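Engineer: Just so you know, we're using our numbering here: the sequence shown kicks off at 148 and counts up by one.
What the hints contain is simulated information worked out from the structure, not anything from laboratory work.
Treat each hint with caution, since some may be false.
[Stated by the list, open to error] Below are the BS3-like pairs computed for lysine-lysine, each with C-alpha atoms no more than 27 Å apart in a straight line:
{"hint": "1", "residue 1": "210", "residue 2": "189"}
{"hint": "2", "residue 1": "172", "residue 2": "182"}
{"hint": "3", "residue 1": "200", "residue 2": "189"}
{"hint": "4", "residue 1": "200", "residue 2": "160"}
{"hint": "5", "residue 1": "172", "residue 2": "189"}
{"hint": "6", "residue 1": "187", "residue 2": "160"}
{"hint": "7", "residue 1": "182", "residue 2": "210"}
{"hint": "8", "residue 1": "187", "residue 2": "200"}
{"hint": "9", "residue 1": "210", "residue 2": "187"}
{"hint": "10", "residue 1": "210", "residue 2": "180"}
[Said to hold, decoys possible] With beta-carbon atoms standing in for the labels, derived distance ranges:
{"hint": "11", "residue 1": "236", "residue 2": "192", "range": "40 to 50 Å"}
{"hint": "12", "residue 1": "156", "residue 2": "268", "range": "40 to 50 Å"}
{"hint": "13", "residue 1": "220", "residue 2": "196", "range": "17 to 27 Å"}
{"hint": "14", "residue 1": "174", "residue 2": "252", "range": "18 to 28 Å"}
Just so you know, these numbers come straight off a predicted model, no measurement behind them.
We treat Cβ as the ideally placed atom computed from N, Cα and C, and that holds for glycine.
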Amino acid sequence: GNPEITSGGNALKFYASVRLEIRIKGRIEADGKQKGNNVKTKVVKNKCAPPYKIAEFDIIFGKGINTLGCVLDVAESLGVVERRGSYYFLDGNRIAQGRDNTLEVLSSNATMRAEVEESIRIHFDA
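Make a model of the complete structure from these sequences and hints.
Structural biologist: Laid out in structure tokens, this is it:
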């Protein structure tokens, strides 16, 4: 079995409704300093919904979960945003070069962000 011990003793096995296992997958750095972590989270136990789901997202120190990064990842996987090399494109128009620059453009341009989010919602509603 798993040699890791969870804190909380036997009580956690019986009384907890949801248990998450969070693993650091990578570091997010800017200017030589670490500004966050890319994490992989697995639902180990869930009494409320199906367990064993896996999610990957960025946690930025002082801000929390990077929701805009999650939106960009989903948009890329659905084909809403296209990536060629290090450039990101929306409807054939170049957004920016690199993930960080693309996230800055999306955070500053509310109409573009709304367009991407709406395209994602339409895809999942269909």
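Engineer: For each hint, tell me whether it holds in the structure or not.
Structural biologist: These are the hints, each one checked on the structure:
1. 210 / 189: holds, 22 Å
2. 172 / 182: Holds, at about 14 Å.
3. 200 / 189: Holds - the C-alpha atoms of residue 189 and residue 200 are around 6 Å apart, at most 27 Å.
4. 200 / 160: Given pair residue 200, residue 160 holds - Cα atoms ~18 Å apart, limit 27 Å.
5. 172 / 189: The hint holds at about 12 Å.
6. 187 / 160: holds, 22 Å
7. 182 / 210: The given pair, whose Cα atoms are some 10 Å apart, holds under the 27 Å limit.
8. 187 / 200: holds, 11 Å
9. 210 / 187: holds, 18 Å
10. 210 / 180: holds, 16 Å
11. 236 / 192: 40 to 50 Å: holds, 41 Å
12. 156 / 268: 40 to 50 Å: holds, 43 Å
13. 220 / 196: 17 to 27 Å: holds, 22 Å
14. 174 / 252: 18 to 28 Å: holds, 23 Å
Comparing the model with each earlier hint shows no violations; every hint is respected.
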